[in-house]
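Peer 1: Residue numbers for the sequence shown follow this note's numbering, beginning at 1 and rising by one.
The hints are simulated quantities; they were obtained by calculation from the structure and are not laboratory data.
Among the clues, some could well be false.
Unchecked claim - Here are the simulated distance ranges between beta carbons:
1. A13 / D48: 32 to 38 Å
2. V9 / T29: 37 to 43 Å
3. C47 / L21: 34 to 40 Å
4. Q14 / K37: 32 to 38 Å
5. A13 / K37: 34 to 40 Å
6. Q26 / Q4: 42 to 48 Å
This structure is a prediction, so every number in the text was calculated from the model and none was measured.
Using N, Cα and C, we set each Cβ at its ideal position, and we do this for glycine too.
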Amino acid sequence: MNEQSELLVALRAQTEATHQLVAALQEKTRADLENAKAVNRLVDYLCDSEGGEADPVGSGSYLSGKPR
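Can you make the complete structure from the sequences, with help from the hints?
Peer 2: In structure tokens, the structure reads:
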């Protein structure tokens, strides 16, 4: 196999690895979004069960950016 062919094989392998990394990062992003939604639901539930609102802390929003 000549040098150009070897480089092409290596480039294809790197491209495939990059595609797999992108897919994994997309899945992690989806999981992070679901976790943020779950935290927001939990905070809403806790606020409702205490009969009050959450005290504004920091930016004054939940992870989703929804105002408190």
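Peer 1: The structure should be examined with respect to each hint, and the outcome stated for every one.
Peer 2: Quick rundown of the hints versus the structure:
About 53 Å separates the C-beta atoms of A13 and D48, a value inconsistent with the hinted range of 32 to 38 Å. Between V9 and T29 the beta carbons are some 31 Å apart, a value that contradicts the proposed interval 37 to 43 Å. Distance hint check for C47 and L21: the Cβ-Cβ separation is about 39 Å, which falls inside the suggested range of 34 to 40 Å. In this structure the hint that Q14 and K37 lie 32 to 38 Å apart at CB holds, the actual value being about 35 Å.
Our hint of 34 to 40 Å for A13 and K37 holds, since their Cβ atoms are close to 37 Å apart. Taking the beta carbon of each, Q26 and Q4 are about 33 Å apart, not inside 42 to 48 Å as hinted.
Checked against the numbered hints listed earlier, the structure breaks hints 1, 2 and 6; every other hint is satisfied.
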